[in-house]
Amino acid sequence: MRGDTGEQHEQQALVRVSGLGHAYAQGGQAQAVLRDLSFTLRRGETVALLGRSGCGKTTLLNLISGIEAVQQGEIEIAGIRLTALDEEARTRFRRQHIGFIYQFFNLVPSLTAAENVALILELNGAPLQGAMEHARELLGDIGLGSKADHFAAQLSGGEQQRVAILRAVAHEPALVLADEPTGNLDAHSGQDMLQVLRQRLRAHGSTTLLVTHSLAVAQSADRILTLDEGGIHEHAGDFAW
Amino acid sequence: MSTLATLPGNSLAKAHSRGSARLLWRASWRHARQHRWQSWLSVVGIMLGVMMVVAVDLANSSARRAFDLSVATLSGTLTHQIVALDGGRVDDELFTRLRSELGIRASAPGLRGEVRLQGRRFTLLGIDPLSEAALERRRPGFATEAGALLGLGLRTLASARGVLMQRDAAAALQLVPGAEVSLRSENRDTAVVLAAVLEGADAQALEGVIVADIALAQEVLGHSGLDSIDLRLNSEEAERLRAWLPPAFIVVDAGSDTATLQQLSQAFQINLRAMSLLALLVAALLIYNTASLSVLERRATLGVLRALGVARGTLLRLVLGESAVLGLGASVAGAALGLLLGQVLVRYVTRTMDDLYFTLTVTRFLPDYRVLLEGAALGLGLTVAAALLPAVQAANAAPITLQRALPEEYAWRRRIRFLALLGVVLLGLGYVLLLPERGSLVEGFVALNCIVFGFCLIIPFLLSCALALVLALTLRHLPQTLRLSLRNIQSGIGRTGLAVAALTVAVSVTVGVGVMIGSFRHTINVWLEQTLSGEVQLARLDGASGIPPELERAALALPQLREVRRQYWQTLHTDFGTVRALAHDGAAADQLYLKQAAAQDLAAFAAGDVLLLAESFAWRHELKPGDTLRYQTREGEQSVRVGGLYFDYTTGTGALELPLSRFRQLWPEQGPQRLSFTLTALADRAATLEALRTLTQNFPGAYGVAANAEIKALTLAIFDRTFAITDVLRLLAILVAFVGVLSALTALQLQRMREYALLRASGMTVGETARMILAQTVAMGVCAGLLALPLGLWMSQVLIDVINRRSFGWSMQHLVPWLVLGQALVLAVIAALLAGLYPALRIRRLSPALALREA
Amino acid sequence: MRRRTCLQWLAAPCVLSACAKAPPLAEPRLRLLDVLGGDDTAGYLRASAPRAFSFPADHGPHAGFRNEWWYFTGNVDTAEGRRFGYQLTFFNSALRPPDSPGLSSAWDSPRVWMAHFAITDAQGRTHDAVERFTRENPGLAGANDGRVWLEDWELRFGDDSRLWQLRAFDAASGMGIDFALRQLKPPMLQGRDGLSQKNLEPGNASYYYSLPRLSTGGTLRIGGQDFNVRGQSWLDREWSTSALAPDQSGWNWFSLQFDDGQELMYYELLDQNGNAHPQSAGNWSSRDAQQTYITPAEITLTPLATWTSPAGTVYVTCWELAYAERRWRVDAVLQDQWMNLSLPYWEGAVDVSDAETNAPLGRGYVEMVRV
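Residue numbers (the numbering used here), protein chains in the order written: chain A, 18 to 258; chain B, 4 to 858; chain C, 677 to 1047.
Mixed in with the good hints there might be a few duds.
[To be verified] Listed next, with one range per pair, are the computed distances between beta-carbon atoms: (1) B:S765 - A:Q236: 40 to 48 Å; (2) A:G157 - B:E377: 53 to 61 Å; (3) B:S548 - C:T754: 53 to 61 Å; (4) B:S765 - A:Q29: 55 to 63 Å; (5) A:R52 - B:V785: 53 to 61 Å; (6) B:V395 - A:R52: 32 to 40 Å; (7) A:R52 - B:E771: 52 to 60 Å; (8) B:S227 - C:A728: 35 to 43 Å; (9) C:S891 - B:R245: 36 to 44 Å; (10) C:G834 - B:R696: 56 to 64 Å; (11) B:R245 - C:G834: 30 to 38 Å; (12) B:R486 - A:G200: 37 to 45 Å; (13) A:Q29 - B:V395: 35 to 43 Å; (14) C:Y969 - B:R245: 34 to 42 Å.
Since the hints were made in silico from the structure, they are not lab data.
These numbers were taken from a predicted model, which means no experiment stands behind them.
No residue lacks a Cβ here, since even glycine has one placed at the ideal position from N, Cα and C.
Just need the whole structure built from these sequences, with the hints factored in.
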């Protein structure tokens, strides 16, 4: 947190979800995944989202990141209504303001670690050389400087996920979405990874929505939301990290 | 601090990045390098396709320019010509009378003939330099430095024995001005002097020409008279000339004959071009395959990029760009190779034109470099077009969080039904286009392409149905591994169907063209059998008044010769242009290969009331039995009814058969040009030929003596030479298809490597796995081979009944050479087998564990 | 003498581009002299000594010499007084010596022919000129004891050598003549007894005579329209083998027919500086055909007016001519009587008048060649 006005920002809502509903067509019938969902994420906070498989967590992330179009209800991020944007605009929005961390890392296999991180910077208009330098710097910060020129296949799972985190936050997005980031890692690597994530988030003051199965992971968040049967519930924010 | 907080609210609308990143290109490049074999196969495929198109186009354009140059050099700019009505020579003094009685000064004598200089063939062109000036004739090679040429002309005139040659042609024979050489024409040698060499921009047009003063030309060729008097007249002058001209001569429009020849040779070239385009079509299938495979392989990566916020347009451009880079490199290389191949092909093309249509005086390679650009652009354009669908697929790749297990295979199931429907529509369109009896050649080729492409689209569906049927029927009879092979083909129908279609097209081209050529050759053979009567032929070669009766009597006096039949011909000027009028003694049915003639028409022909038309001539001018043909005679115009049609495969401007009585009436002094003798039972053929040859030496004129067998062999040799180029092209088309099949099958197999590794892991031996892979590709090869047969036969039918007919007006008998069909099947299987070899070998090196981990 | 240019004309470049309509204005690129191998006179007869002329035989061709020509010029009028000038010339030149081996072909032509034809219309103020070239055989052009022809242009002379016939029609330009001519005075032997010496070297000479006065009558066609005309013509005949003198740059030639029945011929050769060459010469023929040889020292030519051709060559169109204490003015009937042919020159009808009184004294033709 850089700041002087931190407190003020914490009071402000960054993400406002209201009346969100979503259904998939399956065998000619609409299958509702999300029903009338409303909640708010404040600036700078880290919120964990718990829920059983298939309860619609991933769909929620897709909707918030603009990957899928909103069918019903309203998503507003920093005063911008996602529902008012077309696919092209949502894509640009995502590129600039969202960072995404996946369970399966999803690094681009034909790019090196540094290039994977630099890619998001370059996509946002940075010149390639500067982007590469910055990416190396970031990798150095988290102790992966020596692996900067390795391809994904040459890195361990934990290393891949740490690179993926850098890729998600390198362009200092307003909102970081993480979908089971530790789900594919052993306990030790998971801890390492969370460590890095926390560091990076603190550095940038990003708001984070962390989807997880793990209570331990969830407890590290400012708040915990639970998603089930299409509804969302808030736990008391009695866990600090 | 959040970036967003510092951004103005509308910043989203004007995102600051172009959305394309160099890192994306770097990723593409690395991917292509990792799948090098795939990229290389595409490059080779396009390269070969472009090479073929460019080479054929270059050869064609070169041959066409050679043709134009030859025509232009030998005839130049004219409007009219005076020729002898009987096809003989024009008297020298007619020219003098034309100048002094009629005062037509835009006139020049025309004379040319074939001579040999140091064994090489040249066209001897006799000119009168001063008349050329008055005619203002423009012709390539003479155009530049008119004054200099006149000087040279006068010098040849002055020295009486001077000739002119093109500089390179002279240099090739190591001749320098002043050299004394002898020109050979019909066994006579005439000493001449190379007065000077011609050089300059257009001089290459004279490569195969020796220019001599008209007097020397007559001396060398050993006769008086002219081929023609060449004129530049307005219509009023032409009328005045027609009124004045003695009845033995006629004024014809210049260039009408060469226009017909040009049309014929153009048809030949269109045929070649169509073949080269088919090859490029196969190459396009290959590109489509490569691009779609590489998109499929990168599905996950593309999904990540989409999730990261890479716009659809960026991915579209990325995939198109990748193909464009491959296509550009391959097209440029293909164009360069095409330039080389074109120089080889042009020899075939010019030789064919030379054999069939016109004596070319220019044989050198005259490349039209625009063709290179066009070919490269075509290759690049086709590559990008073929990559369009995969590029759209890439752009529509779901962001990674939305991707589920491979939907591709299922999507294809629905897609092949749609494609099959489209295919049926195309087939129907092709069929309808072929329905009218007449129509343009281009329409014919469009129809042919509709059929080939339509069939192609149906193949995956057919293949899928056939496999389903086979699998259902053989539930208990086939070993499980083989059933697995077949099921693999079935489940990967999107890719296997494409591979089989590509192979089918390539093989069907060989079937179609093979059957067409086989049928053609067979027809020519039958035609020769039918029309070459007797066993030994004696022909007058120098075009004079025919074989003297004394020679005929002397020949019949030879003990070996029994019976004689006479053939006559003369040039006839009809209202459809100049044709060769033939006549035979004996019944028409014995001498001609009749196509369409009723009994009463044959009786009318025997009575001298009707004439018969060569089929190709009738086709070209839309004449049919019952129509009337008008022609010029010394007594004025006559018109005769067409009684029937006969097959004729001689090229040229046209032919017809007159009843002998009518022929005699028209040309009472004309003797037979050819005598066909029957041998007595015990006669030795070689000795008889020799005796005949000896006999002819006692008579004036030039004669040829040959056995029917020799003539037939020679004709077929020319035929085979003509189609040698098609063989080359067929081979290349197969090569392109092979590369395509190799690529498709290899890709398919490599895609399944994980599956194979699983099988290996669950206990299948290397040998079993390899056999399964090979079984699969062979099954595909067999399918392609079998599918290629009906398509090929259909194609041959279109080629024979539509394309050839529209090109040349020839009809042929259909002959199905089983050998060609068998070869096609073998070819398909071998191609498939070879394509399966690489994955089969690779499975050997594949550790099951490794394969599983790679996933 | 003057007609030696025929060698160059034959060789002019636009022969091939058939320039009857639009001849080039440029310098000729080719000379027949080069084509024929320069001054190779071997195998030809030479004009090396005076000869006895015999008519009508000498009106016909002289085989064995390289060059020969028949050159008609004349002034004629219609009954209504419409005045025309005409020129019709037949040239021929051998391509190889007469006894060199030929070919059996009917087209074998040891000689080539050229003809020039021009008409000046004084009233219409037009001057048209055309040319023709052809090889000799088969019968396209030639000369015999009674006829000289190039295709359908011809000159006939009968056993009575005093009667001539001249016929030439050109369809393209719509002009033509069909004249009967009658010889009024005996042949005028030029040079010394008909041997016109070119320079000091023996054999470099021609045989040269003129028929200085031929009464002329017949049809003249111009612009497709026929006129009945009468008047006077002049015939120049010359045959030779030897080549041009290298130090010549052109010449002026005069043939003047005085109304009192006398004639004057004079050619002034020009050296490289445009000055009169000592080989210049002429002849005066009195009413009774007495001839007087004229040397350059005896005659004075003074240019009074000039005309510049489209090619930029300057020609004199008005002269003062002084000879034997008489002074005449020679005026071109038309300024532009430029022969716009393969090798351009000026040749046209002139009037002769007394230089002091301006009284008309006669008519004639003048030729100016600038090489």
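Hints, verified against the model:
no. : hint                        : in the structure
1   : B:S765 - A:Q236: 40 to 48 Å : 43 Å, holds
2   : A:G157 - B:E377: 53 to 61 Å : 54 Å, holds
3   : B:S548 - C:T754: 53 to 61 Å : 57 Å, holds
4   : B:S765 - A:Q29: 55 to 63 Å  : 58 Å, holds
5   : A:R52 - B:V785: 53 to 61 Å  : 56 Å, holds
6   : B:V395 - A:R52: 32 to 40 Å  : 35 Å, holds
7   : A:R52 - B:E771: 52 to 60 Å  : 53 Å, holds
8   : B:S227 - C:A728: 35 to 43 Å : 41 Å, holds
9   : C:S891 - B:R245: 36 to 44 Å : 43 Å, holds
10  : C:G834 - B:R696: 56 to 64 Å : 59 Å, holds
11  : B:R245 - C:G834: 30 to 38 Å : 37 Å, holds
12  : B:R486 - A:G200: 37 to 45 Å : 39 Å, holds
13  : A:Q29 - B:V395: 35 to 43 Å  : 42 Å, holds
14  : C:Y969 - B:R245: 34 to 42 Å : 59 Å, violated
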